[in-house]
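Let's have the full structure, built from the sequences with the hints guiding it.
There are 2 protein chains.
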Amino acid sequence: MNDIQQIPALMARIGAQAKAASKQLARASTESKNVALNAAASTLRSSTEQLLEANKKDIEFGQNKGLSGAMIDRLLLDERRIEAIAESLEAIAKLPDPIGSVIAQWDQPNGLNFTRIRVPLGVIGVIYESRPNVTADAGALCLKAGNAVILRGGSESFHSSACIHACLVKGLKSAGLPEEAIQLIPTRDRAAVGEMLTMSGVIDIIVPRGGRSLVERVQRESRVPVFAHLEGICHVYVDGGADIEKAAAIILNAKMRRPGVCGAAETLLIDKKIAHKIPALIAPLLEAGCEVRGDDALQTADTRVLPAHDSDWGAEFLDTIIAAKTVDGVEEATAHIAEYSSGHTETIVTEDAGAAEYFLNIVDSAIVMHNASTQFADGGEFGMGAEIGIATGRIHARGPVGLEQLTSFKYQVRGDGQIRP
Amino acid sequence: MNDIQQIPALMARIGAQAKAASKQLARASTESKNVALNAAASTLRSSTEQLLEANKKDIEFGQNKGLSGAMIDRLLLDERRIEAIAESLEAIAKLPDPIGSVIAQWDQPNGLNFTRIRVPLGVIGVIYESRPNVTADAGALCLKAGNAVILRGGSESFHSSACIHACLVKGLKSAGLPEEAIQLIPTRDRAAVGEMLTMSGVIDIIVPRGGRSLVERVQRESRVPVFAHLEGICHVYVDGGADIEKAAAIILNAKMRRPGVCGAAETLLIDKKIAHKIPALIAPLLEAGCEVRGDDALQTADTRVLPAHDSDWGAEFLDTIIAAKTVDGVEEATAHIAEYSSGHTETIVTEDAGAAEYFLNIVDSAIVMHNASTQFADGGEFGMGAEIGIATGRIHARGPVGLEQLTSFKYQVRGDGQIRP
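Heads up: the sequence lines are chains A and B, in that order. Numbering of the first sequence is given in this note's numbering, commencing with residue 192 and proceeding in unit increments. Numbering of the second sequence is given in this note's numbering, commencing with residue 192 and proceeding in unit increments.
If you are wondering where the hints come from, they were derived from the structure by calculation, not from laboratory data. Check each hint, because a few of them may be wrong.
Because identical chains share one entry, a pair is satisfied inside a single copy or across any pair of copies.
[As the list claims (entries may be wrong)] Result set (DSS-like, lysine-lysine): computed pairs, CA atoms no more than 30 Å apart in a straight line:
| hint | residue 1 | residue 2 |
| --- | --- | --- |
| 1 | Lys214 | Lys463 |
| 2 | Lys464 | Lys364 |
| 3 | Lys464 | Lys214 |
| 4 | Lys247 | Lys364 |
| 5 | Lys468 | Lys437 |
| 6 | Lys463 | Lys247 |
Set out below in structure tokens:
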């Protein structure tokens, strides 16, 4: 597959197969989808040896490419991780099937009955980087929502993803579902990504999962709608009316639970009214090894605070660093957020119900919280079951993208001979 | 505004103003939006003379341009039509405000409370052709849903639209809302449309309203998501289990009530089992002056039927012409629809509940009906109040695009100090 001219033909074939499979999937029963997912989980477990073998090739490829230790770790599979992948397939089988569920139903005075009912989106394209488990998770979520999916894995996880994909296909076959329901692009050639982004008549939604440069490229080039977030520049605002102990715990958790996830706090805003409480608010952070870059008030309050620069506001550190400043109440806090936020997740800590409601209403992010850690920005924590990512766009899916967000709907209109006057 | 280089600067300014206005609009009270709409209606009524004057200029322009009589009629305003525009502004004021309404609410076991609440989409771009009333309708609907809107009217209705727009702006001012909430592009230069289609960071949704060539261009070139339908190739399928009288009435209404609307039937499919009923089914159509292009069975049944050609299947006549053929039951009917439909609206006529449910489930169009005329494909008939168009895309808005479809949502999460384990 070295000939670049073969890529458009390859992708056209994959697209046509996906489209055809999507028609069958739209009618597939919940049971058959669950059989496929559970059979894929069993096959995965019984293919542990082959998968470890395939993963070894990927690890060698990655080491030759000079990948960092962290990247190699993302790539690495072991028996425990393979079992976790199998369990997540079974967990998706257990989620309620969104297809066919009634979103709304009403009658009109002329006797027509309207039902808004969930149907699949159609064909979903998922473009991801090194973690091989995304092959299983994304494939399974799209399948459960009745969609055909075209997976484009990272070149580093090429062999592992191919092996996981083969297990998914076995699951599909054993359930009598079309094996083209889950396709993995069988080449590392980057031109395939470019093709995917232009397949607007074939692919209904593209979901990029990966680092900033991948998402940026997809958002810039795609002719197909995209569900994604580019950055998670999440803010914690501690209001004058905050319970300081609660606030300190939320700050610590929002930043340090996992500093590298998109829901991790990157900026801390503190109401000037409680400037004297700054030491208590940031001490746990500093003691946990977080670098705090603050304004004058912060630096005065604790000598361990480093000076913040203009570039720190709106920066996505994804690391044990936080920018912090004092603001003049909830109005200045929300103005700062309007300017610097990426529209992902923000939280206010306060016991003042008025300030909380103001913040919840004014802040225009996908997820706005009160007295809770920004790290709850996750489909599982929302009770949606699994998710394929978080979207910050304003169309269709905003916030966690779970099974329901991977569906469309149609109107069924039932009459008994009505004609329009 | 003849210098093409001025257009990007003009559009950038309009875009920035819209964005700023959208922030204010998102917080605007229902009352202030209604005050603006009602004041615009009053201003419109008291500006009847100026509007008729402006419209006269447009009519002269259109006549010089050699527009057809039908096109001139679309352009024409008289006192009755101006009153209708004012009334439709008042009707939109009376619709319930979607903003702030709770779509869903639930608790998680850890005590977090989740609310999915409606917020505006942001900035909407509407590109339309000759009918000047769209200036009022589109502006008012976008405003009521809390959005800023950039209107690009047809060059033929330039003066009329400018006059209507001035009334809307007066309404905004009298309600204390930003006048940039509803902007009309003040030039006929077509380059402005090209600019709009690339303003993806500024405009959240583009709604094209007009003929096929406009929608086609917008769908092809837009970098911004589009709510639209390219064609309305609607099918009526008369099943073997149909009540023939009901079917004949539905066929007649679906085609002839208004043959030129997107919900008009273009193809009639008749179950072979009731081939002997063809004369009764199509007689009312033929007597109403509709040309029927049929297969052999149709031609045999009634000598007035002309032969259908391959190009008639999937054709959008938008005229008093219908293509008709016999099919082997509901399965062949749905297969034909899957091949030729544009995904807009299809209906089955039958008393057989099983056939009806099969059709309602299998047909993958935005609107699928049973025993009702396809001409009910309209937001008003759905009970949505006004609509800005019908969408056949699968994302966000599908079917009639009313107030709710012009909104987005966000999640408000309320806790009492929860941190994520």
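Checked hints:
no.	hint	verdict
1	Lys214 / Lys463	between (59 Å within a copy, 26 Å between copies)
2	Lys464 / Lys364	neither (64 Å within a copy, 37 Å between copies)
3	Lys464 / Lys214	between (60 Å within a copy, 27 Å between copies)
4	Lys247 / Lys364	within (27 Å within a copy, 68 Å between copies)
5	Lys468 / Lys437	within (13 Å within a copy, 76 Å between copies)
6	Lys463 / Lys247	neither (55 Å within a copy, 62 Å between copies)
Hint compliance for this structure: hints 2 and 6 are broken, all remaining hints hold.
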